[in-house]
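Student: Between the sequences and the hints, there should be enough to build the whole structure, so can you do that?
Each chain, letter by letter, is given below.
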Amino acid sequence: MLSRVSARSLSTATKSIKVAARDAPGALTTLSVVVNNAGSKTGKSGVAHLAAKFNFLNTGSKSALRFTRESELLGGVFSTNVTRDAIVLNTQFLKEDLPYYVEALGSVLTNTSFRPHEFTEVVLPAAKAEYEAAHASNAFTAVESLHELSFRKGLGNPLYYDGTTKISVDEVAQFASDAYKQSNVSIFASGANPEDLDTFIGESSFAYLASGSTSAAPVELFKGKESRIRAAGESGAFIGVPVKTSEFGKYETLSAAIGSSVLAGAPSPLSKIAGASSFLYKYQDAGLFVVSVTGSAAEVAQGIKQAKKVVDSVSTTDLTNATKATQLSVALQSTFESPLDIKADASPVKLGEFNYVAIGDVDVLPYANEL
Amino acid sequence: MASLTSVVKTADFILSRPTLSKIVNPVAKAFVAYAGYREMGLKFNDLIAEESVVNQKAISRLPDNEIYARNYRFITAHQLALSHQLLPTNKAIQPEEDNHYLIPYILEAEKEAFEKAELDNIDV
Chain A
27 MLSRVSARSL STATKSIKVA ARDAPGALTT LSVVVNNAGS KTGKSGVAHL AAKFNFLNTG
87 SKSALRFTRE SELLGGVFST NVTRDAIVLN TQFLKEDLPY YVEALGSVLT NTSFRPHEFT
147 EVVLPAAKAE YEAAHASNAF TAVESLHELS FRKGLGNPLY YDGTTKISVD EVAQFASDAY
207 KQSNVSIFAS GANPEDLDTF IGESSFAYLA SGSTSAAPVE LFKGKESRIR AAGESGAFIG
267 VPVKTSEFGK YETLSAAIGS SVLAGAPSPL SKIAGASSFL YKYQDAGLFV VSVTGSAAEV
327 AQGIKQAKKV VDSVSTTDLT NATKATQLSV ALQSTFESPL DIKADASPVK LGEFNYVAIG
387 DVDVLPYANE L
Chain B
191 MASLTSVVKT ADFILSRPTL SKIVNPVAKA FVAYAGYREM GLKFNDLIAE ESVVNQKAIS
251 RLPDNEIYAR NYRFITAHQL ALSHQLLPTN KAIQPEEDNH YLIPYILEAE KEAFEKAELD
311 NIDV
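Residue numbers (our numbering), protein chains in the order written: chain A, 27 to 397; chain B, 191 to 314.
In short, the hints are calculated from the structure, not lab data.
Predicted model, so just to flag it, every value in this text is computed and none were measured.
All C-beta atoms in this analysis are idealised placements derived from N, C-alpha and C, irrespective of residue type, glycine included.
Treat each hint with caution, since some may be false.
Claimed, not checked - List time: in silico SDA-like cross-link candidates among lysine to any residue, alpha-carbon distance up to 20 Å: (1) B:301 x A:224; (2) B:306 x A:139; (3) B:301 x A:152; (4) A:88 x B:297; (5) B:301 x A:144; (6) A:88 x B:301; (7) B:301 x A:95; (8) B:247 x A:139; (9) B:306 x A:98.
Said to hold, decoys possible - Some, not all, of what chain B presents toward chain A, calculated at C-beta under 7 Å: (10) 251; (11) 309; (12) 314.
Claimed, not checked - Cβ-Cβ distance ranges computed for the label pairs, FRET-style: (13) A:396 x B:253: 52 to 58 Å; (14) B:255 x A:48: 51 to 57 Å; (15) A:203 x B:255: 23 to 29 Å; (16) B:291 x A:159: 34 to 40 Å; (17) A:154 x B:271: 51 to 57 Å; (18) A:53 x B:253: 20 to 26 Å; (19) B:259 x A:41: 48 to 54 Å; (20) B:259 x A:53: 52 to 58 Å; (21) B:253 x A:41: 39 to 45 Å; (22) B:237 x A:92: 28 to 34 Å; (23) A:234 x B:237: 41 to 47 Å.
Tutor: Shown next as structure tokens:
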């Protein structure tokens with residue numbers, strides 16, 4: 027009797043958590059938790075990355091080592107990453123282990139210990155390694171810089187913790203307790219029975235998740251900025267245009283018409299230029315349309331000028347012809363965890379003012395006004 | 191050597207029994223007085239042997255100010271030993287200053303080590 031009553035009260039306690047579940051064939055379940063407004067656009071630069079690195083470490087109920095070993099024995103895998111919008115926790119396991127992982131994910135969000143020694147021994151080295159691995163690619167550095175030029179704050183914050191400012195473990199814990207709120211949390215389960223999942227969530231630590239939500243900071247868009255970064259390795263030139271969410275359809279169509287990196291094999295104007303592609307980075311409150319050329323400095327210097335011409339000379343007919351390609355591109359990028367609802371829109375797009383990042387051998391690469 | 195966890199457990203057991211603690215407490219006080227480490231400017235936790243993996247880990251996790259104070263006490267004690275002197279009573283470590291600043295860290299490190307050993311030898 028007592029247990030039934032408590033179970034019911036717990037499940038009402040989790041009612042503002044968004045749950046999407048679907049049955050799938052096979053013996054595997056994929057369970058993801060997305061904490062919106064907890065990505066790198068939120069809070070101090072880098073704090074979200076560090077908070078994400080604390081996931082699956084010691085909790086009040088279980089040590090990190092025990093969870094890892096138990097998970098190995100169950101044959102499950104788990105990972106966590108930070109995006110600009112959200113902190114994402116992914117797990118994949120055999121169907122019968124659903125309650126175990128629901129509880130594990132719940133206690134990550136509600137009961138992580140944030141021990142100071144874990145911060146120095148595990149979190150900081152892992153964050154540093156991830157930062158360095160990502161920045162080993164000049165293209166990543168350039169896209170980061172493009173975000174900074176286009177949005178300044180918020181979405182312009184660096185994705186990973188770069189060590190510029192010192193962040194204490196208390197700040198990370200505070201960030202987590204501010205961001206891990208019921209209305210921010212979405213749970214996606216593929217290959218799980220929806221009723222079972224609801225019951226398990228109601229009985230798990232998710233019930234202790236604080237209610238409420240946080241809102242994203244307003245986004246400002248900036249254009250006409252340029253940055254040149256000297257770096258060894260591959261050169262690249264990147265044209266970026268910050269895009270409002272309402273214009274996603276237009277720019278997806280433009281991307282498909284000139285050649286998108288999602289449809290890499292398809293013949294397109296950009297595919298004739300070595301190392302050229304385009305992509306629309308889509309976030310909750312804004313997007314960034316990027317046309318990039320990477321390769322050797324001399325090739326890039328030629329290529330980016332040609333790519334700029336391609337974008338400028340795209341006609342309404344090209345855009346209309348790209349409608350199907352746009353639909354395919356959107357479908358390819360749409361996942362169960364982040365479904366995209368973007369309609370192809372063939373209305374004409376002018377690039378106009380744009381942000382520009384040249385990285386690599388900048389002695390050879392052109393300036394923005396030379397394009 | 192017995193792990194510190196078992197030592198702490200025994201101490202807690204003794205303290206939970208009034209009669210037992212009435213016998214052991216005066217003995218402990220006498221031990222501390224004759225050991226004389228407080229006159230050398232040291233705390234009891236400074237005397238715990240640090241030459242083990244677990245204790246090294248615990249010491250590395252101390253906050254910066256604790257590490258600084260600990261090293262300062264060591265230097266004081268070395269200086270006193272070299273010059274064959276003891277601190278005057280008002281400079282010696284007072285009983286209320288003689289806190290367990292290190293033991294919680296050792297207990298946590300030992301708990302981790304025990305858990306690792308247990309999981310390494312688990313039968314499934």
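Student: Going through the numbered hints above, which ones does this structure break? Give me the numbers in ascending order.
Tutor: As far as the earlier hints go, 1, 3, 17 and 18 are violated by this structure, in ascending order.
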